[in-house]
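Chemist: Chain by chain, the residues:
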Amino acid sequence: DAGVIQSPRHEVTEMGQEVTLRCKPISGHDYLFWYRQTMMRGLELLIYFNNNVPIDDSGMPEDRFSAKMPNASFSTLKIQPSEPRDSAVYFCASSLTGPQHFGDGTRLSIL
Amino acid sequence: AQSVTQLDSQVPVFEEAPVELRCNYSSSVSVYLFWYVQYPNQGLQLLLKYLSGSTLVESINGFEAEFNKSQTSFHLRKPSVHISDTAEYFCAVSVATGFQKLVFGTGTRLLVSP
Numbered sequence: 001d002a003g004v005i006q007s008p009r010h011e012v013t014e015m016g017q018e019v020t021l022r023c024k025p026i027s028g029h030d031y032l033f034w035y036r037q038t039m040m041r042g043l044e045l046l047i048y049f050n051n052n053v054p055i056d057d058s059g060m061p062e063d064r065f066s067a068k069m070p071n072a073s074f075s076t077l078k079i080q081p082s083e084p085r086d087s088a089v090y091f092c093a094s095s096l097t098g099p100q101h102f103g104d105g106t107r108l109s110i111l
Numbered sequence: 001a002q003s004v005t006q007l008d009s010q011v012p013v014f015e016e017a018p019v020e021l022r023c024n025y026s027s028s029v030s031v032y033l034f035w036y037v038q039y040p041n042q043g044l045q046l047l048l049k050y051l052s053g054s055t056l057v058e059s060i061n062g063f064e065a066e067f068n069k070s071q072t073s074f075h076l077r078k079p080s081v082h083i084s085d086t087a088e089y090f091c092a093v094s095v096a097t098g099f100q101k102l103v104f105g106t107g108t109r110l111l112v113s114p
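Note that the protein sequences, when read in sequence, are chains A and B. Per my numbering, residue 1 is the first one in the first sequence, and the count goes up by one each step. Per my numbering, residue 1 is the first one in the second sequence, and the count goes up by one each step.
No lab work stands behind these hints, which were simulated from the structure alone. Do not take every clue at face value.
Listed next, the in silico DSS-like pairs over lysine-lysine satisfying Cα-Cα at most 25 Å (straight line) [to be verified]:
#1 Lys-24(A) x Lys-101(B)
#2 Lys-101(B) x Lys-78(A)
#3 Lys-78(A) x Lys-68(A)
Here chain B is said to cover these stretches of chain A; the calculated rule only asks that three of the stretch's residues, wherever they fall, bring their Cβ under 8 Å from a Cβ of chain B [claimed, not checked]:
#4 29-43
#5 100-106
All C-beta atoms in this analysis are idealised placements derived from N, C-alpha and C, irrespective of residue type, glycine included.
So here's chain A without its partners, still in its complex pose (with noise of 0.2 Å):
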C-alpha cells in the first residue's frame, strides 16, 4: 500500500516567495493533518481535516499560511510571504479510525 506521498522532498527559496506544499493522504483515509518540526518547537500541529473540511487550524501561525483540501486525494499548505523563520520540516499525515501515519516530510529552507 502506498503511504502518505508529499512533495517536494526538499525546496530551497528566497524571504517573500510563495510556497507550496503538498500532500497525498492514504486512500481512503479521512483526517489529514499538517505539522511542523523544527529544532526549537519540536513538532506542532499546524491545522486537520476531516473529509475535506478543516476542523482545527489554531497551529497555524500566521495569516501567511493557508492550508486547503480539494478532494479527499490532495491537500496544499502555502507559505505567502515566505519568511527565514519559516524554515523547518513540514509533515503531513493520515488517519482513518486509528493512528496517524506519517509522510516523509518536506524540508523547506528560506535564505
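Start from chain A and add chain B according to the hints.
Modeler: Using the frame of chain A, we list chain B on its own:
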C-alpha cells in the same frame, strides 16, 4: 490540555545493552499513548500504542512500553538494542476519544554504538 515530557534528549548505549527511554504525560482525562520512531530523513512511524486493556504493549521489533497510570508514565524499553535502532523516538498523547490532536514530546535521540 495534555502535555508530554521526555526528560532525556539523547541516550547513548552500546549494542546489545538494554535501554529505557522515559516519557511522562499530564492529562485530566483518559488518554491514548503512543511511541513513534523517526529515522533520518524520514517521517514518523508508529512503534506501539496503548489504547486500553493490558498496560504492557509490545512492538514487532522487540520494544515494549508499560502504561503506569499512578506515575503517569509510558516508558519505552528494549532488552537488547541493535545498531539499526539508532533513531529519534517520540512519545505522544491524545485524549481517549480520538486520535486527532496528538501532542508530542520533544523526542529522545537513541545512539547505539558497537
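Chemist: So, for every hint listed, does it hold in this structure?
Modeler: Hints, one by one, checked against the model:
no.: 1; hint: Lys-24(A) x Lys-101(B); result: 20 Å, holds
no.: 2; hint: Lys-101(B) x Lys-78(A); result: 21 Å, holds
no.: 3; hint: Lys-78(A) x Lys-68(A); result: 8 Å, holds
no.: 4; hint: 29-43; result: holds (count 4)
no.: 5; hint: 100-106; result: holds (count 6)
In this structure, none of the earlier numbered hints is contradicted; all agree with it.
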